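Q: Listed below, chain by chain, are the residues.
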Amino acid sequence: MKIDSYILPDSLQEGLKILDSEDKIKVIAGGTDLVVKIKNGYYSELEGLISFHNFNLDQIVIKDDKVLIGSYCSMYSIAANQIIREYFPALAIAASQVGSLQIQNLATIGGNIANASPAGDTIPPLYTLDAELELISVNSSRVVKICDFFVEPGKTIMNKNELIKNIILPLRKTEGGFIKVGERKAHAISKVSVAFSKEKEVDKTSNTKKVVFAFGAVAPTVVKLELTEDFFKTLNKENFLGQLDSYYSVIENIIKPIDDIRSTKFYRTKLAKELFKKAIIAITKLDV
Amino acid sequence: MKMIKKVSFKLNGNQVEVEVDPLESLLNVLRNKLGITSAKEGCAKGECGACTVLLNDKPITSCLKLAFTLNTNDNVITVEGLNSDALMCKIQDAFIRKGAVQCGFCTPGMLISTYYLLKNVHNPTSEDIKKYLAGNLCRCTGYIKIEEAVKFAIKNL
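First to last, the sequence lines map onto chains A and B.
Take this note's numbering: the last position of the first sequence gets the number 288, and nothing is skipped along the way.
Take this note's numbering: the last position of the second sequence gets the number 157, and nothing is skipped along the way.
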């Protein structure tokens, strides 16, 4: 472990210059994943850490028809924010279930995304909300769809000199939720999670309300399943289980769960279907 | 650009300044350089809550907070800083009366989390208590007496 420098740049631009020119430094935000990893011997080639927390990257603002969530926003600030709670409940709920209260006051959404764990709790909700990421570097900036961002566990399409600046969500009211299953009530890394968001208003292009599910921890990256409101309109108490059955086979085909220290392929497959069922019940409020 | 060696922040009402290494946690700085012994190192990875302190009135696991990221205006409060605080005194009294302290290792963290709960939630329920203390592990008590202590404190507010 050779980390012997810590950098607080005087400006965002200066920081991006340093990120571009220095090879062996890494961005730190809340540190709740990164500090643990460093202590466990990861990133042994790193020589320095750089923090951008002084540049107002922790704001949540509405700009035109988008909501911009700064990458340094803590889980707590996202869970407590009125706009997020009203428009994107799946994200607010997920943020409120990360780690513990102590962790939520340190951990950031940018860090959760950049860490790129398949079990990262804010990621499935972002898939259900058509999130985009604004990535900036010393002389460029680009916007990437969240579903194009992740390559495999721990790996994203970010270049070494890039920083996540904002998470961009379309300003569309949704109803939704997030369910995770772990070993404990708090501090649990998800064995399986599901996020779901249903548009509250009819989408002008598709003329229907989209319902998007996203499963975490069942594949190298989050798995998305998109339905329309039509599916729900035909659901009732009698045909509920039968209708669900057809989607269970879809789910089995799109997820790729593994055996690991937290769970097994078998259990995760069962869980994914069960959480999907719970999500459907939450959306339809059917008494089944 | 600053290669920071010294950080300054508020600790229990006083501005402090201390030299830190890059990977030095706030917990380390508190215990080894600033005479604070309430916060404890239980796991060093933010999972047990024994190191819980208030940062800007919010509980954090200080073992994961790197000291170099602290600013001059950041306000750290530990149990030592709440020794004369009426609410904290009620909580400490309740913990003692209800046998919620055995080895005492988790206790400072539990006190801070309880303090935060009672400051922010009016008439907390059992569920609230469990939620707000979920980030604090105890190996001795089995949690029941801790929950009873919190309820006792609530009654005597």
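No lab work stands behind these hints, which were simulated from the structure alone.
Please note that the accuracy of each hint is not assured.
For lysine-lysine, the following PhoX-like pairs were computed, each having C-alpha atoms within a straight-line distance of at most 25 Å [said to hold, decoys possible]: (1) 45(B) <-> 37(A); (2) 185(A) <-> 204(A); (3) 39(A) <-> 33(B).
No experiment lies behind these values; they were computed from the predicted model shown.
Q: A separate judgement is required for each hint: does it hold in the structure or not?
A: Here is how each hint holds up against the structure:
1. 45(B) <-> 37(A): Roughly 9 Å separates the two Cα atoms, so the pair holds.
2. 185(A) <-> 204(A): violated, 40 Å
3. 39(A) <-> 33(B): holds, 21 Å
Violation of the numbered hints given earlier is confined to hint 2; every other hint is satisfied by the structure.
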